[in-house]
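Chains as they are written, first to last, in this note's numbering: chain A, 3 to 116; chain B, 17 to 415.
No wet-lab data here; the hints were simulated from the structure. Be a bit skeptical, because a hint or two may be false.
[Unchecked claim] Okay, the calculated beta carbon distance ranges per label pair:
#1 R105(A) x H384(B): 45 to 55 Å
#2 L102(A) x S29(B): 48 to 58 Å
#3 G12(A) x A122(B): 45 to 55 Å
[What the hints assert, rightly or not] With a cut-off of at most 30 Å between alpha-carbon atoms, the simulated DSSO-like pairs for lysine-lysine come out as follows:
#4 K64(A) x K381(B)
#5 K160(B) x K190(B)
#6 K124(B) x K190(B)
#7 K289(B) x K160(B)
#8 K74(A) x K96(B)
#9 K159(B) x K177(B)
Note that beta-carbon positions come from the ideal geometry of N, C-alpha and C, so glycine has one too.
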Amino acid sequence: MSDDLLLPPGFDSLKAFVSDWTIRTSADRASYRDQSNFEELRRFYDAASPHLARALEYLDAKPLSVHNEQDKRLMSLMLTLAHVSLAQELQVEAEGTHALSRRLMRITSSTADH
Amino acid sequence: MTVPLRPFEPVGSDQLVELGTQPIPVTPYCDPGYFDLERDAIFRRCWLHVGHLADLPEPGSYIVRELEIASASILIVRGKDGVIRAFHNVCTHRGTQLVAQESGRASKFSCPYHSWTFNDRGDLHAAPDFNRFFVEKADCSLKKVAVEICGGLIYINLDAKPNQSLAEFLGPLKEQLDSLPCATATAFAEYHYEIDANWKLVYDNFQEHYHLRFIHAKSSGGAGTGPSNPFGYATKFEFIGPHRKEETWFNPDFQPAHVQGIAMNALASDAIKQGFPPLGNAEYLCMFPNFFMFTSSFFPFSHTVFPVGPRKTRGVFRFYWQGEDDSASQRFAREYSLAAMRDVHAEDRAVIEAGQRGMCSGAIKHIHFQAQEALCRHFFNTVDAAVQAYVAENRERRV
């Protein structure tokens, strides 16, 4: 697939993050945050967070049930951002040790997985 | 119920001393004998929260719940007639556990051992070569367990003849539970944990705020503490029979970070759309013996603390929502709420386990609760009163 079709128009700057940061389930998104180092989390946060409000506005224009593959990728990136923002906005230097405790809180169900 | 944000006004210590001021013995938190008494005095007699109507969305839905403290496995079924029934998950032939799956859909349940098959009312429907047995099928039904619903929440009682209905047990909390978003929720998110600590020590951690500024300085982001309330103490306590609740304080000057703010705005919009108040100091319900419910629109979670052994516990957190996600903003906000609260709760684990190790080291005979740890003291008093009453009851029976 051409890179041009990965994300909806206007979100090209996030294309480089699609392969690693579009993640299927809430548990997997939490786990990917745990496995990423602080620099990786920072790069994703810095790239994605300025687009969050615009992305949600764009995605809210149609129901989730009719989202196409581009929309779904953008949604998934923003859902991963929900987890990554906690590392960047709240935990910051404590993120590494916090990850050790977090892994023991196992997400078993999420409405985002349905 | 949610009340408007306002500056912090503490509950005076003089209002709480009637609960007692004495040190609390450590033995009940460590001793296997005390744990056995709690099983018989409390967990085999009380109404226990085990699920939600969203677990049983349609006729044929079932769940299985393990209650390790009572060595019980409970099968809860919504029958073809829509009625919810609970049974011991035990085949009446040779005692084999009937259903291994945690949840599913079925109209009949077949024992894996000799294929005795029960219908959704618990009746023995078929059993191979049954004419060689010396018993009637009608006498082989699954053993029923009392089950009742309140606020969408499923409760069971292991007592064959509960001495109270669920409504009597919950008292005025019943009406509040019936009015919460949880009562009409049809979807949920969930996370679990296991921990090497006594169930009361775990439960206590989640009903006091004294530790917030030390353990949750990062994850709370300043929402629950502030200059006027540096410890994030509650603004009101209420004691309702064996249950208790508090009004938690939300810092009116809280300034969220960028993504946090977008998530909170989306959660607030969603609450307004569904007719629930979006802001304010939420109430935190601590329902005896092992269940919590937080009434916040931002973090509408419940927490059930299941005793496994004297020094082992598991917990289940759930976020109850009205319907499946129907928009991107709603999906994002729910994901954020789940992840953010999980971050907070993850921070508690290590310190609870450290508390258990210290308590059981033999170094100290007592611990201390300050006035603002009033919910912990009320909880201990309630547990110990139930245990002592049970001991006295058995002593009288033997005399």
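Hints and how they fare:
no.	hint	result
1	R105(A) x H384(B): 45 to 55 Å	violated (33 Å)
2	L102(A) x S29(B): 48 to 58 Å	violated (37 Å)
3	G12(A) x A122(B): 45 to 55 Å	holds (49 Å)
4	K64(A) x K381(B)	violated (62 Å)
5	K160(B) x K190(B)	holds (24 Å)
6	K124(B) x K190(B)	violated (33 Å)
7	K289(B) x K160(B)	violated (41 Å)
8	K74(A) x K96(B)	violated (37 Å)
9	K159(B) x K177(B)	holds (13 Å)
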